[in-house]
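J.: Letter by letter, the chains look like this.
2 protein chains.
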Amino acid sequence: MSAGTGTPTRSGPTSAVPGTAAFATAVEQALTAFFATRTDSVAELGPVFTDAAEALESFVLRGGKRTRPGFAWMGWLGAGGDPAGPQATAVLNACSALELVQACALIHDDIIDCSRTRRRFPTVHVDFEQRHRDRGWTGDPAHYGESVAILLGDLALAWADDMVHDSGLPPAALARFAAVWARMRTEVLGGQLLDVHGEASGDESVAAALRINRYKTAAYTVERPLHLGAALADADPALITAYRTYGTDIGIAFQLRDDLLGVFGDPAVTGKPSGDDLREGKRTVLVAEALARAAETDPAAGDRLRAEIGTDLSEQQVGALRSLLTGLGAVDAVEARIATLTEQGLRAIETSSATPEAKDRLRAMALAATRRTA
Amino acid sequence: MSAGTGTPTRSGPTSAVPGTAAFATAVEQALTAFFATRTDSVAELGPVFTDAAEALESFVLRGGKRTRPGFAWMGWLGAGGDPAGPQATAVLNACSALELVQACALIHDDIIDCSRTRRRFPTVHVDFEQRHRDRGWTGDPAHYGESVAILLGDLALAWADDMVHDSGLPPAALARFAAVWARMRTEVLGGQLLDVHGEASGDESVAAALRINRYKTAAYTVERPLHLGAALADADPALITAYRTYGTDIGIAFQLRDDLLGVFGDPAVTGKPSGDDLREGKRTVLVAEALARAAETDPAAGDRLRAEIGTDLSEQQVGALRSLLTGLGAVDAVEARIATLTEQGLRAIETSSATPEAKDRLRAMALAATRRTA
Numbered sequence: 001m002s003a004g005t006g007t008p009t010r011s012g013p014t015s016a017v018p019g020t021a022a023f024a025t026a027v028e029q030a031l032t033a034f035f036a037t038r039t040d041s042v043a044e045l046g047p048v049f050t051d052a053a054e055a056l057e058s059f060v061l062r063g064g065k066r067t068r069p070g071f072a073w074m075g076w077l078g079a080g081g082d083p084a085g086p087q088a089t090a091v092l093n094a095c096s097a098l099e100l101v102q103a104c105a106l107i108h109d110d111i112i113d114c115s116r117t118r119r120r121f122p123t124v125h126v127d128f129e130q131r132h133r134d135r136g137w138t139g140d141p142a143h144y145g146e147s148v149a150i151l152l153g154d155l156a157l158a159w160a161d162d163m164v165h166d167s168g169l170p171p172a173a174l175a176r177f178a179a180v181w182a183r184m185r186t187e188v189l190g191g192q193l194l195d196v197h198g199e200a201s202g203d204e205s206v207a208a209a210l211r212i213n214r215y216k217t218a219a220y221t222v223e224r225p226l227h228l229g230a231a232l233a234d235a236d237p238a239l240i241t242a243y244r245t246y247g248t249d250i251g252i253a254f255q256l257r258d259d260l261l262g263v264f265g266d267p268a269v270t271g272k273p274s275g276d277d278l279r280e281g282k283r284t285v286l287v288a289e290a291l292a293r294a295a296e297t298d299p300a301a302g303d304r305l306r307a308e309i310g311t312d313l314s315e316q317q318v319g320a321l322r323s324l325l326t327g328l329g330a331v332d333a334v335e336a337r338i339a340t341l342t343e344q345g346l347r348a349i350e351t352s353s354a355t356p357e358a359k360d361r362l363r364a365m366a367l368a369a370t371r372r373t374a
Numbered sequence: 001m002s003a004g005t006g007t008p009t010r011s012g013p014t015s016a017v018p019g020t021a022a023f024a025t026a027v028e029q030a031l032t033a034f035f036a037t038r039t040d041s042v043a044e045l046g047p048v049f050t051d052a053a054e055a056l057e058s059f060v061l062r063g064g065k066r067t068r069p070g071f072a073w074m075g076w077l078g079a080g081g082d083p084a085g086p087q088a089t090a091v092l093n094a095c096s097a098l099e100l101v102q103a104c105a106l107i108h109d110d111i112i113d114c115s116r117t118r119r120r121f122p123t124v125h126v127d128f129e130q131r132h133r134d135r136g137w138t139g140d141p142a143h144y145g146e147s148v149a150i151l152l153g154d155l156a157l158a159w160a161d162d163m164v165h166d167s168g169l170p171p172a173a174l175a176r177f178a179a180v181w182a183r184m185r186t187e188v189l190g191g192q193l194l195d196v197h198g199e200a201s202g203d204e205s206v207a208a209a210l211r212i213n214r215y216k217t218a219a220y221t222v223e224r225p226l227h228l229g230a231a232l233a234d235a236d237p238a239l240i241t242a243y244r245t246y247g248t249d250i251g252i253a254f255q256l257r258d259d260l261l262g263v264f265g266d267p268a269v270t271g272k273p274s275g276d277d278l279r280e281g282k283r284t285v286l287v288a289e290a291l292a293r294a295a296e297t298d299p300a301a302g303d304r305l306r307a308e309i310g311t312d313l314s315e316q317q318v319g320a321l322r323s324l325l326t327g328l329g330a331v332d333a334v335e336a337r338i339a340t341l342t343e344q345g346l347r348a349i350e351t352s353s354a355t356p357e358a359k360d361r362l363r364a365m366a367l368a369a370t371r372r373t374a
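Protein chains in written order, with the numbering used here: chain E, 1 to 374; chain W, 1 to 374.
Take these hints with a grain of salt, some might be off.
Unchecked claim - What follows is a list of derived Cβ distance ranges for each label pair:
| id | chain 1 | residue 1 | chain 2 | residue 2 | range |
| --- | --- | --- | --- | --- | --- |
| 1 | W | K65 | E | Q344 | 31 to 37 Å |
| 2 | W | E54 | E | E54 | 37 to 43 Å |
| 3 | E | A142 | W | S41 | 54 to 60 Å |
| 4 | W | T39 | E | G63 | 35 to 41 Å |
| 5 | W | Q29 | E | A36 | 39 to 45 Å |
| 6 | E | T297 | W | G139 | 27 to 33 Å |
| 7 | W | F121 | E | G319 | 36 to 42 Å |
| 8 | W | S41 | E | R62 | 47 to 53 Å |
| 9 | E | D51 | W | G281 | 21 to 27 Å |
| 10 | W | D266 | E | T138 | 41 to 47 Å |
| 11 | E | A175 | W | K65 | 30 to 36 Å |
If you're looking for bench data, these hints aren't it; they were derived computationally from the structure.
Bear in mind the structure is a predicted one, so any value in this text is a computation, not a measurement.
Just so it is clear, CB atoms sit at the ideal spot from N, CA and C, and this is done for glycine as well.
The task is simple: from the sequences and hints, build the whole structure.
T.: So this is what it looks like as structure tokens:
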């Protein structure tokens with residue numbers, strides 16, 4: 001029953017480098033093999049459940065950069081994990097299970113954010129809403145779609161654990177992994193909860209926005225994945241500390257870059273309409289910085305920012321808000337934060353005991369995450 | 001960090017009998033000890049998350065009969081588990097983790113069913129909707145409440161696994177437990193999904209209603225909990241088969257009794273308004289049996305049943321529908337099913353290798369579940 005009992009093949013997962021298409025393919029193969037192990041228990045409940053589970057599988061396999069498995073795999077390699085060794089397949093399976101946690105997070109987040117599309121496809125709740133509508137069923141199609149999406153997100157979360165248990169890891173490695181896995185899930189759910197709460201309560205502080213970045217993004221995307229890889233390799237505490245510093249700093253810097261691109265990014269490069277984050281009213285560190293500065297120097301600018309974000313802004317209004325954010329010094333402040341965090345994160349890795357190859361790769365990943373234009 | 005490292009005390013969990021208040025208290029002590037192990041990682045995210053986690057803890061500790069841990073514990077005892085032995089505390093911890101899966105199921109089900117109260121308290125989504133309203137926050141209070149409840153249900157599901165990992169079980173027992181745990185979670189989520197689908201698509205068949213009972217109730221409440229206990233005790237396959245037969249049959253019979261009480265129960269005994277299941281339009285096996293019989297003998301009665309259930313029925317209308325269900329022979333058919341299933345389930349246990357004490361207790365639990373009046 002375990003996907004972890006397969007033998008690694010020569011051309012298999014273990015030679016791939018995170019960030020490459022080959023690595024993404026290796027993760028997708030591990031996920032596909034796991035889904036295959038669920039087929040029988042799903043089929044026992046009949047075709048309705050089979051259809052729903054297939055929708056989940058399509059969602060998981062539809063793409064994404066496999067960032068979290070990539071950092072976990074790098075954490076393992078950097079702590080001396082041997083990609084040609086006997087544990088490699090089990091480690092890759094366990095790392096790939098992060099994509100199932102991520103599937104739950106995305107499916108449930110899309111309900112919470114009322115998002116209609118993801119990766120150019122309808123979100124899961126919208127997909128099932130549409131199936132209900134097409135068949136002319138009883139009740140509210142939107143509520144049906146949300147109900148199915150809640151359950152499919154739960155299934156992804158449960159299956160994430162099952163994939164870890166079935167990964168083929170030996171018990172001691174599984175126990176080390178489980179402790180970090182527990183922290184990571186609590187942190188990401190807590191981060192999402194702080195985000196939902198902050199938006200409702202109108203918390204405008206920089207500290208609140210940074211805290212959400214830390215737990216919803218940095219811990220979940222970089223810090224804990226690296227930590228998971230380190231735990232699998234039974235790394236020494238000093239390397240784990242270095243990974244965690246790097247992960248927290250680079251993870252937050254990554255999100256701050258994202259915030260800047262959401263307002264100033266070139267639509268031709270990002271693929272998203274310019275200024276969309278302003279129209280959606282996202283409470284980013286950028287906006288929090290601007291409001292904090294406005295409170296001291298220009299209260300009217302703060303009032304204008306508060307009044308306009310989250311509304312259907314014209315291109316001209318977006319341009320004016322960009323000037324306002326820049327004029328208040330918020331953009332410079334965020335760029336300075338990104339620079340400091342990146343420097344700190346890189347220094348932690350440079351001075352660590354990570355392998356030279358891992359240092360090179362993590363440096364490249366940090367710069368790609370914090371200096372990107374899309 | 002593990003709640004499972006504590007030593008069992010003389011007056012502790014291990015002497016309690018499932019179904020008694022003492023057993024419920026023992027389960028609640030295990031849960032309280034587990035929640036205490038989460039305090040630090042929750043507090044790291046700040047008071048907003050602490051408040052939310054406390055709401056989850058209150059929900060979990062607020063009561064319930066601890067039925068699932070009870071069957072799991074009985075499964076372990078009946079397969080020779082020693083309640084005074086060194087494994088007992090770890091086993092009780094693992095069994096108690098079922099209450100966290102149940103918390104997720106209830107919190108998410110209450111969103112799906114639009115339920116406003118549970119155990120006389122507001123449901124989790126209604127609680128947080130009200131907090132939003134009381135504070136006069138931004139956005140839709142109902143959507144806020146649902147968002148928080150989705151995340152707290154996810155947290156309960158993640159913590160259920162964490163509690164199993166931290167239970168103190170040795171690796172081999174943990175691996176046996178995990179395989180059954182995986183089946184159980186997939187089955188209950190699949191059963192909920194079939195239920196949501198059946199209600200929307202208007203599937204009226206007896207087979208569909210029985211299938212939902214099997215996976216949403218029987219497998220999740222009796223069969224797999226017993227199986228989990230047996231797996232912990234490393235029981236032989238014949239005993240596992242007997243447990244599973246008993247669990248499936250008694251679990252379905254339990255739900256059929258519930259269906260009858262939902263229509264014919266005495267409000268003074270059940271504590272619920274008489275005929276509430278008819279007003280809610282529940283698609284039970286009882287209703288499916290009636291519709292199947294009406295199709296053959298009295299199509300007009302079927303049309304009337306379809307038209308009236310799910311509406312705001314008067315006492316008189318409820319009385320008339322009761323007569324209709326009885327007149328069609330649906331009540332007798334369901335009673336006959338309960339009798340057959342109970343007999344089959346009891347026979348499986350009688351002829352099994354379960355301990356004499358476990359046979360007595362499981363017989364009593366079966367009769368209590370299938371012959372009750374509330």
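J.: Does each hint fit the structure? Answer for all of them.
T.: Do the hints match the structure? See the list:
1. K65(W) to Q344(E): 31 to 37 Å: Between K65(W) and Q344(E), where Cβ atoms are some 53 Å apart, the hint is violated.
2. E54(W) to E54(E): 37 to 43 Å: holds (39 Å)
3. A142(E) to S41(W): 54 to 60 Å: Violated: the Cβ-Cβ distance is about 35 Å, outside 54 to 60 Å.
4. T39(W) to G63(E): 35 to 41 Å: This hint holds: roughly 39 Å between Cβ atoms.
5. Q29(W) to A36(E): 39 to 45 Å: holds (41 Å)
6. T297(E) to G139(W): 27 to 33 Å: For T297(E) and G139(W) the Cβ distance comes to about 30 Å; the hint holds.
7. F121(W) to G319(E): 36 to 42 Å: violated (51 Å)
8. S41(W) to R62(E): 47 to 53 Å: Given about 32 Å between the Cβ atoms, the range is violated.
9. D51(E) to G281(W): 21 to 27 Å: holds (25 Å)
10. D266(W) to T138(E): 41 to 47 Å: violated (31 Å)
11. A175(E) to K65(W): 30 to 36 Å: holds (32 Å)
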